[in-house]
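J.: These are the residues of each chain, in order.
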Amino acid sequence: MKLKNSYKTFVISLLLIPNLFVVVFGIESFPYTCAPMFGHYIDNETPLYLFKLEGVNQNKTTDLTAYLGKPEDFFMRHFFSKVYGSTQAISPFSHKLSESQSAFQNRMHVFFEHYTTVLKEKYHLSFEQINIKAIQVDQKRQPRAEPQLLGYYDGLNKTYVSAYKNATPNNLHQNKTQQ
Amino acid sequence: MSVLNKLSAAVYTILNQPLSVLRFGLAILLGKKTIEQLYFIYDVTDNGSYALSKTWFTSVLPPSFFDFSPGYFKTLVIVIAVVAITAAVGFLGRLNLLLLAFFSFYIFGVSEGIGIFDHHASLPTQVILALALVPGTMKLSIDYALLKYGYFKGKMPFPHVSNNPKWGFNLILALVAVTYFTAGISKLRYGHGLNWLDGQTLGFYLKEKTYLYKEGDVQLIIGDSNLPDDHKWKDALGFIGHTYANYQVSPKLRAIAGYVANNRVLLIALSVGSVLFELLAFVVFINSRYRNIYLISAIVFHLSIGALMGISFRQYRFICFCLMDWNLIATYLSNKLQGFKWLGFKKLSTG
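Going down the list, the sequences are from chains A and B. Sequential numbering from -18 applies to the first sequence in our numbering. Sequential numbering from 3 applies to the second sequence in our numbering.
In short, the hints are calculated from the structure, not lab data. For each residue, glycine too, the CB sits at the ideal point set by N, CA and C. Careful, some of the hints might be misleading.
Stated by the list, open to error - Once the Cα atoms are required to be at most 25 Å apart in a straight line, the calculated SDA-like pairs of lysine to any residue come out as:
{"#": "1", "chain 1": "B", "residue 1": "K216", "chain 2": "A", "residue 2": "P52"}
{"#": "2", "chain 1": "A", "residue 1": "K77", "chain 2": "B", "residue 2": "M140"}
{"#": "3", "chain 1": "B", "residue 1": "K150", "chain 2": "B", "residue 2": "I16"}
{"#": "4", "chain 1": "A", "residue 1": "K(-17)", "chain 2": "B", "residue 2": "P72"}
{"#": "5", "chain 1": "A", "residue 1": "K103", "chain 2": "B", "residue 2": "V23"}
{"#": "6", "chain 1": "B", "residue 1": "K56", "chain 2": "A", "residue 2": "I116"}
{"#": "7", "chain 1": "B", "residue 1": "K234", "chain 2": "A", "residue 2": "P128"}
{"#": "8", "chain 1": "A", "residue 1": "K33", "chain 2": "B", "residue 2": "A247"}
{"#": "9", "chain 1": "B", "residue 1": "K216", "chain 2": "A", "residue 2": "K(-15)"}
{"#": "10", "chain 1": "A", "residue 1": "K33", "chain 2": "A", "residue 2": "A47"}
{"#": "11", "chain 1": "A", "residue 1": "K51", "chain 2": "B", "residue 2": "S71"}
{"#": "12", "chain 1": "B", "residue 1": "K56", "chain 2": "A", "residue 2": "L1"}
{"#": "13", "chain 1": "A", "residue 1": "K(-15)", "chain 2": "A", "residue 2": "L1"}
{"#": "14", "chain 1": "B", "residue 1": "K155", "chain 2": "B", "residue 2": "W169"}
{"#": "15", "chain 1": "B", "residue 1": "K157", "chain 2": "B", "residue 2": "Y146"}
{"#": "16", "chain 1": "B", "residue 1": "K76", "chain 2": "B", "residue 2": "V46"}
{"#": "17", "chain 1": "B", "residue 1": "K168", "chain 2": "B", "residue 2": "V91"}
{"#": "18", "chain 1": "A", "residue 1": "K(-15)", "chain 2": "B", "residue 2": "I224"}
{"#": "19", "chain 1": "A", "residue 1": "K33", "chain 2": "B", "residue 2": "D231"}
{"#": "20", "chain 1": "A", "residue 1": "K51", "chain 2": "B", "residue 2": "P65"}
{"#": "21", "chain 1": "A", "residue 1": "K77", "chain 2": "B", "residue 2": "I16"}
{"#": "22", "chain 1": "B", "residue 1": "K8", "chain 2": "B", "residue 2": "Y151"}
{"#": "23", "chain 1": "A", "residue 1": "K51", "chain 2": "B", "residue 2": "P72"}
Unchecked claim - Per the computed footprint, the stretches of chain A lying under chain B, defined by three or more beta-carbons under 8 Å from a beta-carbon of chain B, are:
{"#": "24", "stretch": "-16 to -7"}
{"#": "25", "stretch": "8 to 17"}
{"#": "26", "stretch": "29 to 37"}
{"#": "27", "stretch": "81 to 93"}
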C-alpha cells in the first residue's frame, strides 16, 4: 500500500509540477505550455511589423527572403521566439526566465554563425554584413512607414551590432542613477 | 445470452473503461500527427539543430537524433506507426505508450525548434504519457487478454475489470483543466489585463487571412506603442510577440467570421465567454453534471475555432469526449427514451 501511494505521488508530481511551473512563469517548452494562443493585445493602434533580412556586399543589398532555408513564417517565428526575443524579459514564446545584453549578443552570434553557414552551403552566398530591418505594416501588409534598421551582423568580426544605442540593460541603471 | 444482452454487456464494459477507449483513439490520432510532423521536418530544407532551437527535452538528445537522412526518416516513420498501433491495441501497451510519448516529445520538440510550437500536440502528448503510467488504461487490451486467458487461465488475481482507481482518471482530467485554465490566464497576463475582453484581439484574428500573403509578408511581429523608452534596449521599437495565423479558406466560413468581426457586441461577448470558459476549467471536479457540461462546451469551443480559424484541435476534442461521464448521459437517455431501457446501464466506476 505504501509503495502504491509513493508511486501515485510520483506520477502525479511528474505530470503536474512541470505544468504548474510553466503556468506560474508564463513560458513554454514542448509539451509544457502556458497556452499563449492569441494571448496578446492587438487593436487598431497596435504597431505591426514584418522582419526582413538583407545581405550586403560592397553596398549592394540582396533580399534574403528566398534564402531562409524554410518557410518565412517558421523562420521568423523561430528567429523572434528563440533568438531575438521579446522586449519583455519573460515571454510566452520561449522558455527563458531572464534576459541580458550578453545573453542577447550570444544568441545573435550563435544564430548568425549557423545561418551564414546555411547561406554558404545551400545557396553559395556570403555577405560582408546581414541587415535586420523592420517594416511597419497594417494587417493587410501594406507599409505604413519606411523600413527601419534594427541592427546588422558583421560577417568579418562575427558580431551583431545593434542600431539602437540609447539604452542597454547595463546603462539603464546608470541613466536612472544620474536622474 | 441473447445478442441484445451481449451487446448491452459490451457497451457497458466499454463505457466502464474510458481510459482504454482514450488510449485506443488517442494513440492512433497522436501517432498519425507525429508522422505528419516528421514529414514536415523532413521537407524543410534547413532542419539542422540550431543550438538555440532545442527544447528542454531535445537538448538532452545526442546530435545524431537531428540528422534526418532518408534512411533514418523512413525507419522512424515505420517505428512510430508500429508503436502507435501497438499502443492503441494494447500489445506491450504501457511500453509502447511510453515510446509514443518519447517520439512525440522528440519530433514536436524538433518542430518547435524549426519555428512552430504545435499546441495541437502538447496536451495529447502529456495524456499519452499519463496513460502509460496510471492504472486503468489497459483493461481493454491484448495484454490484459493474454494475461487473463493465457497466463492466469481465466482466474485473474487482479481486481475486477470495472474496478479502476479514480486517481488516474482524475489526473488526466486535471491535465485538461490546467491546459484550459492557463490559456485564460495567459490572455489576461499578456493581453493587457481586462483589455483583452474588449474583443479587438479576437476581431483581428477573425479578419486575418494568413493564406493570402506571399513569402516574406506572412509573419507579423507585434510591437507595443505604450512601452516606455526605458524598457527598450534591443531596438527603438519594442517588440513583444508574434501573431498566430488564421488558416480558414472556406468563403462561407470566412463570411461568418467577417460578420462576427464587425459586430462589436458579439466580439465582446465571445471574448468574455472564452476567457470565462477557460478560467472555470476546474468546475469539472465539482460533479459529473458540471464535468459533462464543461467538456461538451470545450468540444463546441474547438469546433467554433475550427470553423472560424481553420484550427481543428481534433485530439483535444477526442480527449474531452472520452472524459465525459457517459453513465450519466446513458441514464439520462434511458430515462428520456423508454426504448433504451433494455440496455440496463449500471453505475460506472469512473466517477
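J.: Indicate, hint by hint, whether the structure satisfies it.
T.: Against the structure, the hints come out as follows:
Between K216 of chain B and P52 of chain A the CA atoms are separated by roughly 10 Å; this keeps the pair inside 25 Å, and the hint holds. The hinted pair formed by K77 of chain A and M140 of chain B fails the criterion: a straight-line CA distance of about 38 Å is larger than 25 Å. Simply put, K150 of chain B and I16 of chain B have alpha-carbon atoms about 17 Å apart, close enough for the 25 Å limit, and the pair holds. Taken as a hint, the K(-17) of chain A and P72 of chain B pair is broken in the structure, with Cα atoms around 49 Å apart against an allowance of 25 Å.
The straight-line distance between the Cα atoms of K103 of chain A and V23 of chain B is roughly 47 Å, outside the 25 Å bound, and the hint therefore fails. Distance hint between K56 of chain B and I116 of chain A is unfulfilled; the C-alpha atoms sit about 29 Å from each other, more than 25 Å. Taking the CA atoms of K234 of chain B and P128 of chain A, the gap is about 19 Å. The hint holds against a cut of 25 Å. A hinted pair counts as satisfied when its Cα atoms are at most 25 Å apart, and K33 of chain A with A247 of chain B qualifies at roughly 19 Å.
A C-alpha spacing of about 57 Å is found between K216 of chain B and K(-15) of chain A, which places the hinted pair above 25 Å, so the restraint is violated. At roughly 11 Å between alpha-carbon atoms, K33 of chain A and A47 of chain A fall within 25 Å of each other, so this suggested pair holds. With a CA separation close to 17 Å, the supplied pair K51 of chain A and S71 of chain B stays within the 25 Å bound. About 21 Å separates the Cα atoms of K56 of chain B and L1 of chain A, which keeps this hinted pair within 25 Å; it holds.
With a CA separation close to 24 Å, the supplied pair K(-15) of chain A and L1 of chain A stays within the 25 Å bound. A C-alpha spacing of about 29 Å is found between K155 of chain B and W169 of chain B, which places the hinted pair above 25 Å, so the restraint is violated. As the CA atoms of K157 of chain B and Y146 of chain B are separated by approximately 12 Å, the hinted pair is consistent with the 25 Å bound. Only pairs whose Cα atoms come within 25 Å are accepted, and K76 of chain B paired with V46 of chain B is accepted, the gap being roughly 16 Å.
Under the criterion of a C-alpha separation no larger than 25 Å, the hint pairing K168 of chain B with V91 of chain B is consistent with the structure, at around 22 Å. A distance of roughly 50 Å separates the Cα atoms of K(-15) of chain A and I224 of chain B; the hinted pair therefore is violated under the 25 Å criterion. The hinted pair formed by K33 of chain A and D231 of chain B meets the criterion: a straight-line CA distance of about 23 Å does not exceed 25 Å. Restraint check for K51 of chain A and P65 of chain B: satisfied, since their Cα atoms lie roughly 20 Å apart, inside the 25 Å limit.
Simply put, K77 of chain A and I16 of chain B have alpha-carbon atoms about 44 Å apart, too far for the 25 Å limit, and the pair is violated. Straight-line distance between C-alpha atoms of K8 of chain B and Y151 of chain B comes to about 19 Å, which keeps the hinted pair within the 25 Å bound. In summary, the hint linking K51 of chain A to P72 of chain B is supported, as the alpha carbons are separated by about 18 Å, within the 25 Å threshold. Proximity of the stretch -16 to -7 of chain A to chain B, defined as three or more residues with a beta carbon under 8 Å from a beta carbon of that chain, is established by the 3 residues found.
Closer than 8 Å: that is the beta-carbon criterion, and the stretch 8 to 17 of chain A has 9 residues meeting it against chain B, so the requirement of 3 holds. For the stretch 29 to 37 of chain A, the proposed coverage by chain B is satisfied: 5 residues have a C-beta within less than 8 Å of a C-beta in that chain, meeting the threshold of three. Coverage of the stretch 81 to 93 of chain A by chain B holds. Counting CB-CB distances below 8 Å, 5 residues qualify, and the rule asks for three or more.
Checked against the numbered hints above, the structure breaks hints 2, 4, 5, 6, 9, 14, 18, 21 and satisfies the rest.
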